[in-house]
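Participant: One-letter residues, chain by chain:
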Amino acid sequence: MADKNTEKTNINSPIGYVVGGGLKANLHIRLTVPAYSVQEGSFIVIKSGDWQFYSIATDLQLGAIDPRFADDKMENRLPPNIVSLLQDQTLYTNLVVLPSLMLESGPKLNSPEHTLWQESIDNGEKEQPRPLPVKTVPVHHAKAFLANKGNIAEIFGKETVDGNFVIGHTREQKHPVCINLDKLIQRSSGIFGATGSGKSFLTRIILAGLIDHDQSSVLVYDMHNEYGLDDTASDTGQNVIGLRSAFGRTKVQIVGLGSSADIRGLSPDFNLTLSYKDIMPEDVEMLTRELNLRETTAATLDALVQKFGRSGWFSAFKSMKHGKMIEQDGKLTPAPDSVAFWANQNGIHPMAAEGLHSKLKRLFNKPYIIENPPSDSIQAVTDSLKKGQHIILSFGKFESDLDYLLISNLLTRRIRTEWENMTNQFRNGKVSEPRQLVIIIEEAHKLLNREMAVQTTFSTIAREMRKYYVTLLIIDQRPSQIYDEVMSQLGTRICGWLGDDDDVHAVLSGLAGRDALRGMLARLQPKEEVLLLGWGVPMPILVRSRRYDADFYKEIKHSIKRKFDQKTAINALYPD
Amino acid sequence: MNDITAGRLLRSNTRGCVVGCHVSQPAPVFGSMINIPTKTGKVFGLVHDIHIDDDGLVRQLAAAGNLPDEVILDNRINRNVPVEMSIIFIGYSIENKISHSLPPRPPLSLDEMYICDPEDLRNFTNAGHFGYFRHVISRQDIPAGELLSAHLQAASTAQKVGGNPNWINEAIQEIIILLRDNHELMTNVLGAIGDAFPA
Numbered sequence: 010m011a012d013k014n015t016e017k018t019n020i021n022s023p024i025g026y027v028v029g030g031g032l033k034a035n036l037h038i039r040l041t042v043p044a045y046s047v048q049e050g051s052f053i054v055i056k057s058g059d060w061q062f063y064s065i066a067t068d069l070q071l072g073a074i075d076p077r078f079a080d081d082k083m084e085n086r087l088p089p090n091i092v093s094l095l096q097d098q099t100l101y102t103n104l105v106v107l108p109s110l111m112l113e114s115g116p117k118l119n120s121p122e123h124t125l126w127q128e129s130i131d132n133g134e135k136e137q138p139r140p141l142p143v144k145t146v147p148v149h150h151a152k153a154f155l156a157n158k159g160n161i162a163e164i165f166g167k168e169t170v171d172g173n174f175v176i177g178h179t180r181e182q183k184h185p186v187c188i189n190l191d192k193l194i195q196r197s198s199g200i201f202g203a204t205g206s207g208k209s210f211l212t213r214i215i216l217a218g219l220i221d222h223d224q225s226s227v228l229v230y231d232m233h234n235e236y237g238l239d240d241t242a243s244d245t246g247q248n249v250i251g252l253r254s255a256f257g258r259t260k261v262q263i264v265g266l267g268s269s270a271d272i273r274g275l276s277p278d279f280n281l282t283l284s285y286k287d288i289m290p291e292d293v294e295m296l297t298r299e300l301n302l303r304e305t306t307a308a309t310l311d312a313l314v315q316k317f318g319r320s321g322w323f324s325a326f327k328s329m330k331h332g333k334m335i336e337q338d339g340k341l342t343p344a345p346d347s348v349a350f351w352a353n354q355n356g357i358h359p360m361a362a363e364g365l366h367s368k369l370k371r372l373f374n375k376p377y378i379i380e381n382p383p384s385d386s387i388q389a390v391t392d393s394l395k396k397g398q399h400i401i402l403s404f405g406k407f408e409s410d411l412d413y414l415l416i417s418n419l420l421t422r423r424i425r426t427e428w429e430n431m432t433n434q435f436r437n438g439k440v441s442e443p444r445q446l447v448i449i450i451e452e453a454h455k456l457l458n459r460e461m462a463v464q465t466t467f468s469t470i471a472r473e474m475r476k477y478y479v480t481l482l483i484i485d486q487r488p489s490q491i492y493d494e495v496m497s498q499l500g501t502r503i504c505g506w507l508g509d510d511d512d513v514h515a516v517l518s519g520l521a522g523r524d525a526l527r528g529m530l531a532r533l534q535p536k537e538e539v540l541l542l543g544w545g546v547p548m549p550i551l552v553r554s555r556r557y558d559a560d561f562y563k564e565i566k567h568s569i570k571r572k573f574d575q576k577t578a579i580n581a582l583y584p585d
Numbered sequence: 003m004n005d006i007t008a009g010r011l012l013r014s015n016t017r018g019c020v021v022g023c024h025v026s027q028p029a030p031v032f033g034s035m036i037n038i039p040t041k042t043g044k045v046f047g048l049v050h051d052i053h054i055d056d057d058g059l060v061r062q063l064a065a066a067g068n069l070p071d072e073v074i075l076d077n078r079i080n081r082n083v084p085v086e087m088s089i090i091f092i093g094y095s096i097e098n099k100i101s102h103s104l105p106p107r108p109p110l111s112l113d114e115m116y117i118c119d120p121e122d123l124r125n126f127t128n129a130g131h132f133g134y135f136r137h138v139i140s141r142q143d144i145p146a147g148e149l150l151s152a153h154l155q156a157a158s159t160a161q162k163v164g165g166n167p168n169w170i171n172e173a174i175q176e177i178i179i180l181l182r183d184n185h186e187l188m189t190n191v192l193g194a195i196g197d198a199f200p201a
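Protein chains in written order, with the numbering used here: chain A, 10 to 585; chain B, 3 to 201.
Treat the hints as calculated values from the structure; they're not laboratory data. Each hint should be verified, as a subset may be incorrect.
[Said to hold, decoys possible] Going by beta-carbon spacing under 7 Å, a handful of chain B positions derived as facing chain A:
id, residue
1, Ile174
2, Ile178
3, Ile179
4, His185
5, Gly196
6, Ala198
[Claimed, not checked] What follows is a set of in silico ranges between Cβ atoms, one per label pair, in the way DEER data are often shown:
id, chain 1, residue 1, chain 2, residue 2, range
7, A, Gly159, B, Ile179, 49 to 59 Å
8, B, Gly130, A, Asp81, 24 to 34 Å
9, A, Ala73, B, Asn166, 22 to 32 Å
10, B, Gln155, A, Arg86, 18 to 28 Å
Only a predicted model underlies this, so the values are computations on that prediction, with no experimental measurement involved. The C-beta atom is built at its ideal place from N, Cα and C for all residues, glycine as well.
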């Protein structure tokens, strides 16, 4: 038997053999290599008969044939070589793995049985083997291996295939791990991690992949002005390439909030200003907590809409005077252009109307909400997205939660309407298929917490808009604050280190094997290590994320060149 | 093969036998591997006990005191009561094919016993995979640790000469596997082996 204390782990040699476990209790593998050569999160392949089982290491447990062998230190009683032999036979490490997928690998390669098996697949008599959710377990003493590059590619796809994007590498062997971008954008996704865990860098990496892949438009609500232009990393002081700098203005446009917006002294590609008529009652209701609105708000807003219409209420309400009184018949009464006068006329309690008016002053005073903007900039944003451009909406100096909540919800509501219309027309055969859109929202718990989720458009998008070609990519450090119903709809979850148990629990909600994954999530390295989970990845896997640097963009540009098809380009230029 | 007889069988059963020899004969030591040729092959065993019984004359002489050397020598050389060696059977061979099972039938009285030479030791210990250890370990009436320790010393020396210095590690590993459910016995056996093979 191999001496597990001295044996080096060879990629092609087994690391142990199955000694027990099950589908529910996970599998237990007795290690024949030193315990330190396998780590939690390692991707493990178990070969059993004609099948290969793919699993992830979730725990390492020290054990002894008899507890007394572990308790007694024999070094003082026996010669070292006998102690070593004794420990080899009586003390052991069990690797606990969570089996996720199984793949039929067929009889032994080059055997007559394998030839027959392969022929039956080639003839169509047998289905082409593909990874299946694990339904059975390997036999006792089936050998376990650390996954090689081919195993990873079998499950997560080859990096050379279009749409497969290398998000990182396995921790021990550094094999590339891909996510399928086409699958990623089919459902809403989330990137989670405590502050400083590298969420922003990971988001940049994924956004760069999506922009490069160019199968969807991307709208980023860039609350902290960090994605568009070059930046300096707060921890390393190194230059961080912005997405606009990397892909150019023709692909990525930066939109600044307000008519005189600037982002760190630079002008955006165009400005976003809102017209009074853009503000709808539901936009205000959504700000209930932020503006500390009362229960009477809904009734007051309804009366305003009834009186002035959905597009006119904001302008009319803003123009009303708060507290203006006139003397009539020797008595002070509300002036005809006052809030109280309108309230009295429309059956609203004057105090309620004046209270709302007072609180909406924060909106009335926003410089980016103007009566007659030079153009419909919301439409310009949606048009750019429809054309396949990518938009980074920088909030510039408007970094308050009020600005973020108002703009993101309002813009998303318009987008939702546009995409729903486009999809319905497409289904009626009138127009071409809408372009897929991914909306990126930071600090998502502000928009998707339990109170807000039912009011904002985002929860609707997370739940239903997949059918209408719009999905979310939410970025947050407190996933436990996000509404359960939204979390449960997230297809792919990419999670860095989380310190809070509630956050860990939230990220794993609705996933199989969450008990086994919980500890792993809590023990991720604070930077660069992420766990990929959920529907968008074939099985959970721990990866060390790619570095977002100049080399990353060199690789991206290389992939752009690789995908360039000269014949297609010439045909596009000269159709005749 | 050693062709000097080391005694003759006094009594036997399928698990072991007792061999008697004269004091002047080259008697095997505790733990020695011996063989007893039979009609079909050989029976192998380990010496696990050597005992010298008394008789009436010895008792009288022991009580007499101040014995001349020639009396003592005469009593030892011309003594009728043999030195008795208890043997535990650990295997047999038929037509030079070695098995680590108990012999199909015990040897007969007065069969001759021989001490195995290093080549015999190597041949026997290389056959199979230490199956003969179980006969020693399963016997509760013999000092298993001391016996195995003595045997391993002799066998290890023979294996080293034969170019297999790792044999001892494999042997100890097998003993550990056989005894790992019996912590007390394992500690005793390994303690005895440790004394025989100090670091």
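Participant: Hint by hint, note whether the structure agrees.
Facilitator: To see whether the hints hold, each was checked on the structure:
1. Among the interface hints, the one on Ile174 (chain B) holds; its C-beta lies about 5 Å from the nearest C-beta in chain A, closer than the 7 Å criterion.
2. A hinted interface residue such as Ile178 (chain B) counts as satisfied when its beta carbon comes closer than 7 Å to some beta carbon of chain A; here the least separation is about 4 Å, so the hint holds.
3. With its C-beta approaching chain A no nearer than about 6 Å, Ile179 (chain B) sits inside the 7 Å limit, and its interface hint holds.
4. Restraint check, His185 (chain B) versus chain A: the minimum CB separation of about 5 Å is within 7 Å; hint holds.
5. For the restraint placing Gly196 (chain B) at the interface with chain A, the shortest Cβ-Cβ distance is roughly 4 Å, inside the 7 Å limit, so the hint holds.
6. Here the hint on Ala198 (chain B) is broken, as its CB sits about 10 Å from the closest CB of chain A, past 7 Å.
7. For the pair Gly159 (chain A) and Ile179 (chain B), the beta carbons lie near 36 Å from each other, so the given range of 49 to 59 Å is not met.
8. Remark: the range hint 24 to 34 Å for Gly130 (chain B) to Asp81 (chain A) is upheld by a beta-carbon distance near 32 Å.
9. Evaluation of the 22 to 32 Å hint for Ala73 (chain A) and Asn166 (chain B) yields a pass: the beta carbon distance comes to about 31 Å.
10. A C-beta distance of roughly 19 Å is found between Gln155 (chain B) and Arg86 (chain A), which places it inside the suggested range of 18 to 28 Å.
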